[in-house]
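K.L.:
In case you want the letters, here they are:
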Amino acid sequence: MISALRTLGYRTVMLLEHLGHMAAFVGQIGLNALRRPFRFGRLVMEIFDVGVLSLAIVCLSGATVGAVLGLQGYNTLTRFGAEGSLGAVVGLTLVRELGPVFTALLVTGRAGSAMAAEIASMVTTEQLDGLRMMSIDPVDFVVTPKALAMLIVMPMLNVLFILFAFFGGYVIGVELLGVDGGTYVTSLEDAITFEDDVAGTLLKSVVFGLLVGLIATYRGYTAEPTSAGVSAATTGTVVTASVTILIFDYVITALWGV
Amino acid sequence: MRPRLRKSGKKPIVATMRAAPGKRRSVSEVDRIQLEGIHLAFGTRPVYRALDCRFPRGQISVLMGGSGAGKSTLLRLMAGLIRPDQGRIVIAGEDITTLSERDLFRVRERIGMLFQGGALLDAMTVFDNVALPLREHSKLSEADIRAEVERRLAAVGLPDTGGLMPRELSGGMLRRAALARAIVTDPEIVLCDEPFSGLDPLNVRRIEALLIELNRRLGLTLIVTSHHLPSSLRMASQLVFLIDGGAVVGTPQELLASEDTRVREFLEAETAGMPGFQAVPEVAS
Amino acid sequence: MQRSPTRDLTVGLFVAAGLAAIGYLSIQVGGLSYKGSGGLELYAVFDEIGGLKERAPVAVAGVTVGQVTGIGLDDMLRARVVLELDADLELPVDTSASIRTSGVLGDQFVSLEPGGEEELLVSGEEIVFTESALSLERLIGKFVHDSGLEDD
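These protein sequence lines are chains A, B and C, in that order. Each residue of the first sequence is one higher than the one before, starting from 1 at the first, in my numbering. Each residue of the second sequence is one higher than the one before, starting from 1 at the first, in my numbering. Each residue of the third sequence is one higher than the one before, starting from 1 at the first, in my numbering.
These are calculated hints, taken from the structure and not from any lab test. Small disclaimer: the values here were computed from a predicted structure and weren't measured. Treat each hint with caution, since some may be false.
Said to hold, decoys possible - Only part of the chain A face toward chain C is listed, based on derived beta-carbon distances under 7 angstroms:
hint	residue
1	Phe48
2	Val185
3	Glu189
Said to hold, decoys possible - Derived DEER-like restraints, expressed as beta-carbon distance ranges:
hint	chain 1	residue 1	chain 2	residue 2	range
4	A	Ser227	C	Ser4	48 to 58 angstroms
5	C	Glu90	A	Gly109	54 to 64 angstroms
6	A	His21	B	His227	32 to 42 angstroms
7	B	Leu218	A	Gly109	27 to 37 angstroms
8	B	Glu142	C	Gly23	36 to 46 angstroms
9	B	Glu142	A	Gly109	33 to 43 angstroms
10	A	Ala228	B	Leu164	51 to 61 angstroms
11	A	Ala56	C	Ala16	15 to 25 angstroms
12	B	Arg216	A	Ser227	33 to 43 angstroms
13	A	Val243	C	Arg7	49 to 59 angstroms
14	A	Arg36	B	Glu142	25 to 35 angstroms
15	B	Ser138	A	Thr7	51 to 61 angstroms
16	B	Leu164	A	Arg36	28 to 38 angstroms
As the list claims (entries may be wrong) - Okay, the calculated bits of chain C under chain A, using three or more residues with CB under 8 angstroms as the criterion:
hint	segment
17	14-24
18	52-59
Ideal Cβ placement from N, Cα and C applies to all residues, glycine included.
Bound-form chain A, shown alone (with noise of 0.2 angstroms):
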């Protein structure tokens, strides 16, 4: 029993420990972005690798999200003739929930992987310590650009995902099934407004983009310096990332809609 409580007492010092860490970490990060030197050209190449690589599979996958919801959409939409509203249903589940959830998961699983296993594997080379050495901090030079990038990129991919995704809808609803083009548009374009909907998905993928790029970075930079290290800041950062954005989705929805 006392064993017990000692061992309790024992976790929660250290998950204080962990959170203090995590808030010094942010904090560092936070401030090498507003300081000096700007490091353009890394957040630049940073930029690229986690933004226009992971265009491939944002669009792809943004398609084909959207011909499943005109596909759905419609065979719902039908039993109540109401297939003139398909834009208007596509539309608002895509920009409210499914384009920032779905763009940020997506972007974790492929950007946010690698930007945790890229440091990781720096700290098991001590390419980190050589940075220390050279009197360069490893956060300033490596970690900052890599989480301000995704925290820019993530808006970005999140309305290309829509966008995409409306045209798969479209295409399904439109060449497909039958519903009438112009119809399609103007239900979408009437019920989508920027106050209610696009303010609050450019505000989630922002979030998100901040969550994910200072989980990422976190997990990379704190990673044991093995293979075994590098391989659970990877997962970890995956698995960790997806569950806070499903939780801080919930929570700006529910506040938003206040």
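Starting from the structure of chain A, add chains B and C where the hints point.
P.N.:
What follows is chains B and C alone, placed relative to chain A:
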């Protein structure tokens, strides 16, 4: 990356052997790095207990000892990458154990480090790697930086390799490129972690010659960790044996003549049974 | 720093495309356009506003000239609607405001019909002539009543 702080409960074993009276230190020598009373443990495993050690300026010191004895760890302590549980580390008059990371960056401008795997950034070319400290910290123009980098690469025998990526270099070349990076800012002290490991004898000789020349020409204080007995005996003005959490210090001649059984065991392990070779003179028992 | 001009270009294109996409979604699809010049604030009191919401458009002859920026109740428990309109809009004091529906089942908006007076409305003044929203139930009730289908 700091090791969990748990004090080892064992009684300290002080095991330093001062220089025997025969060899006098010259009066002008100043110790560049001093370690005093170092205690360090990784979890429950003690690494050092009350370690005392001095590294004279402008000399080549070699750290030796069995695997796990803590050679690389000592280097990392001196580089400020790890902090000891207890003790002081004084570099050029400053105790680095009390410094913040910011201040450590300042101290490290005088120290270069050659890591075992080179630790070059694998996403950049060799040239960019060697140029990095200059680009970050000096105000030199790109043309001047180019000149400095090429000079260093030539000095380590890699004159035309700037455009290659680190993964395209052989082990020996990688070490030399990393050495070029370590010296590009003209540090006073260079720490080398196992520069000879995994290299064929010719490359070992090459790097050894390089280090000796750097020491001679530039007056660098070199601290090298090594398993490699022949090079160590050739290069070092001071050998530091890390055994049982403490250090046994002396010149190569002194240690070869040492009566400390642990030292003898180590030396003999290297050379015993080799035909026609006797590194360690027999001591009449 | 493995900077190559091609890579930089690609990143530039990516960022441009991303920003353009965000802009498209916000403006074209989301209707962000109207934050116009604003400046002219008027209010109108209605008996019934139906489904009129804040940020609903205000139009003259079908052209959007502003937004509904506030809906509340006045002292006599009637609906008081605040309108934010283009500053350069010239509306006579006898302008009337009515609540219309766009299409048959669409959203409600405020339509302004300019009057004939010379004097113009100034920011803060009231549009006096208002026509409340038509509700479907009332319409049917009226129809039933007028056509005498009710039992006496």
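K.L.:
Each hint needs a verdict: does it hold in this structure or not?
P.N.:
Okay, the hints, checked on the actual structure:
Taking 7 angstroms as the C-beta cut-off, the interface hint given for phenylalanine 48(A) holds, the closest approach to chain C being about 5 angstroms. Hint on valine 185(A) is violated. Least Cβ distance to chain C is approximately 9 angstroms, over the 7 angstroms limit. Given the 7 angstroms rule on beta carbons, the hint for glutamate 189(A) holds: about 5 angstroms separates it from the nearest Cβ of chain C. One distance hint, 48 to 58 angstroms for the beta-carbon pair serine 227(A) and serine 4(C), is violated here, with the actual separation near 31 angstroms.
A hinted range of 54 to 64 angstroms for the beta carbons of glutamate 90(C) and glycine 109(A) is consistent with their spacing of about 58 angstroms. Checked against the hint of 32 to 42 angstroms, the pair histidine 21(A) and histidine 227(B) passes, with Cβ atoms roughly 36 angstroms apart. Checked against the given bound of 27 to 37 angstroms, the beta carbons of leucine 218(B) and glycine 109(A), roughly 51 angstroms apart, lie outside it. Roughly 38 angstroms separates the CB atoms of glutamate 142(B) and glycine 23(C), a value that falls within the hinted 36 to 46 angstroms.
A hinted range of 33 to 43 angstroms holds for the C-beta pair glutamate 142(B) and glycine 109(A), which are about 40 angstroms apart. Range check, alanine 228(A) to leucine 164(B): Cβ separation about 31 angstroms, and the 51 to 61 angstroms hint is violated. Between alanine 56(A) and alanine 16(C) the beta carbon distance is about 18 angstroms. The supplied range of 15 to 25 angstroms therefore holds. Checking the proposed 33 to 43 angstroms range against arginine 216(B) and serine 227(A) shows it holds: the Cβ atoms sit about 41 angstroms from each other.
Checked against the given bound of 49 to 59 angstroms, the beta carbons of valine 243(A) and arginine 7(C), roughly 33 angstroms apart, lie outside it. For the pair arginine 36(A) and glutamate 142(B), the supplied restraint of 25 to 35 angstroms is violated, since their beta-carbon distance comes to about 19 angstroms. Between serine 138(B) and threonine 7(A) the Cβ separation comes to about 53 angstroms, which falls inside the hinted range of 51 to 61 angstroms. The given range of 28 to 38 angstroms is respected by leucine 164(B) and arginine 36(A), whose C-beta atoms sit roughly 31 angstroms from each other.
Judged by the Cβ-Cβ criterion of 8 angstroms, the segment 14-24 of chain C is covered by chain A as claimed, because 8 of its residues qualify and three suffice. A stretch counts as covered by a chain when three or more of its residues have a beta carbon under 8 angstroms from one of that chain; for the segment 52-59 of chain C and chain A the count is 1, and the coverage is violated.
The structure is inconsistent with the numbered hints 2, 4, 7, 10, 13, 14, 18, although it conforms to all the rest.
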